[in-house]
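Asker: Letter by letter, the chains look like this.
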Amino acid sequence: MQRISVTVRLNRSTLQFDDAAYARLETYLAESASLLEGDPDPQEILSDLEQAVADQCTRRLRPGQTVVTLAELVPALEEIGSVQTPTASAAPEQTMRPTSRPLQQVSEGAVISGVCQGLARYFGLNVTALRIFAVLLLLLTGGGVILVYLALMLLFPFAPLEPNGQPLRWLPARSRAFAEFLARKFSLVS
Amino acid sequence: MIVESKLAPIRKGLLEFLVLRIVGTRSVYVPDILRRLAGTEFATQEGTLYPLLSKLRREDLVQYDWQESDAGPPRKYYRLTDAGRAQLAALDDYWNRINRTIADLGH
Numbered sequence: 001m002q003r004i005s006v007t008v009r010l011n012r013s014t015l016q017f018d019d020a021a022y023a024r025l026e027t028y029l030a031e032s033a034s035l036l037e038g039d040p041d042p043q044e045i046l047s048d049l050e051q052a053v054a055d056q057c058t059r060r061l062r063p064g065q066t067v068v069t070l071a072e073l074v075p076a077l078e079e080i081g082s083v084q085t086p087t088a089s090a091a092p093e094q095t096m097r098p099t100s101r102p103l104q105q106v107s108e109g110a111v112i113s114g115v116c117q118g119l120a121r122y123f124g125l126n127v128t129a130l131r132i133f134a135v136l137l138l139l140l141t142g143g144g145v146i147l148v149y150l151a152l153m154l155l156f157p158f159a160p161l162e163p164n165g166q167p168l169r170w171l172p173a174r175s176r177a178f179a180e181f182l183a184r185k186f187s188l189v190s
Numbered sequence: 191m192i193v194e195s196k197l198a199p200i201r202k203g204l205l206e207f208l209v210l211r212i213v214g215t216r217s218v219y220v221p222d223i224l225r226r227l228a229g230t231e232f233a234t235q236e237g238t239l240y241p242l243l244s245k246l247r248r249e250d251l252v253q254y255d256w257q258e259s260d261a262g263p264p265r266k267y268y269r270l271t272d273a274g275r276a277q278l279a280a281l282d283d284y285w286n287r288i289n290r291t292i293a294d295l296g297h
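Protein chains in written order, with this note's numbering: chain A, 1 to 190; chain B, 191 to 297.
So that you can see chain B by itself, here it is in the shape it has in the complex (with noise of 0.2 Å):
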């Protein structure tokens, strides 16, 4: 049995770089990150997802535009910044090396 308390951070490391991901895919808003990932082992909220979403704007990985929503007030909607998709590109690379390592490591 795994331990729980192994795992979490693996995830929270992970949630970059997988938040990265969605938004490398369109332009989504917070609530669209929210059910990419509602269901899978990085479930996650808002409490955690703006706090990660403003570091990644000052990191100049993301931006995010004003989008007029039909209910409500508008709405920010984030964007991968070319850097963003060049870290996404060297996250991927990295995330599928060490797969390969893992592999070849056999067990």
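Only chain A is shown next, with the shape it has when bound in the complex (with noise of 0.2 Å):
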């Protein structure tokens, strides 16, 4: 028995490839992942290299031929270069941000609020490690942190939803709406 090809899913387009191009391609597709890191918008880059490298060896595919290899992969990514970050021009203002970011409850993949997300963001520290200590702290307080995160969450601004981001679970979407509600009614944060 013997494995012939692997279909892929490149972004928009879907094309089989063989074991040796399909291992090629896994590489050049990490070691891009690897050159974006610290890019603000990884994913849209690696979606649009994915497409490219699928354009690529479809246009190199010989009529008939419907399973990529090395041969249409190789020069597809010579062509398509390794992945070169620009040169940031608002690179000083970027470095700044972590530092002058505010304090902000951050929706997606929060527990309750995103208070100890949003903490662990400003201080730079580990969320999880910063959630156990919190609940050590309701343990040690007797419920008493609850109040210290009650206001918290109302004086907290939130942090904008990442595009097309959602609060992950159903907790956080109902106390993102009703910490939300409070500050209208009583106008705590703008």
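It is worth saying that the hints were derived from the structure and are not from the lab.
Quick partial rundown of chain A residues pointing at chain B, CB under 8 Å, derived from the structure:
1. L36
2. D39
3. D48
All residues carry an ideal CB built from backbone N, CA and C; glycine is no exception.
Using the hints, put the two standalone chains together into the complex.
Answerer: Have a look at this one:
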């Protein structure tokens, strides 16, 4: 028995790759992803690159050929080139941002309202460690920390949702709506 | 003889300006941009252009629309935003001033 090909979805195109080409493609995309580390929007660039690979490989397939091999992929990747990040003209501003970023609640992936995530992001802490610490505080203070959490929930503005980001679970979505309702009601936050 | 290592950063720095110029002439998709630059000192690759266009889009200088193509999936067509047009005008102006300065200094 021998595996002949792998079907790969590349952004909006679907193509068949043989094993060797698939391995090479995986390496290229992994390299690109690591080169884009620190880019604020790597997903978009990776999607564009995937599409470029699909287009370039499709163009190189001989009539009747359905499976991409290294013979098509290698020149395709050569033409696309490895990822070069632009000399960021906004670089000083972007490196400043983590320190000047305000305390916010981060809804994506939040457990309650995103206060811990906001604090972790602001102070550069591990969010899981911070959450465990918060639970410990909860036990130690006999629930008193709940009031602190509620206060922070009302005081911290929400970080803008990521593009097509959704508060992941039921509770964050509700607590966000609730906090926004209270804030409007008592005009605590603009 | 000019040392290549001195020219590379100049080209790299100017690439953004050139891309804005190309996008400014009409709405284009990436292979159009590559074709315009191919054979010039600024010949470049998709691996360079996509990160650059992503940055320009984030800076709100370009935006794109999806357009159907005859062959294959829809394509991203880029065009300048108003801010992009303003920045291109400023860059054009600056570029002309630099050229004048260089010419005035003589050699």
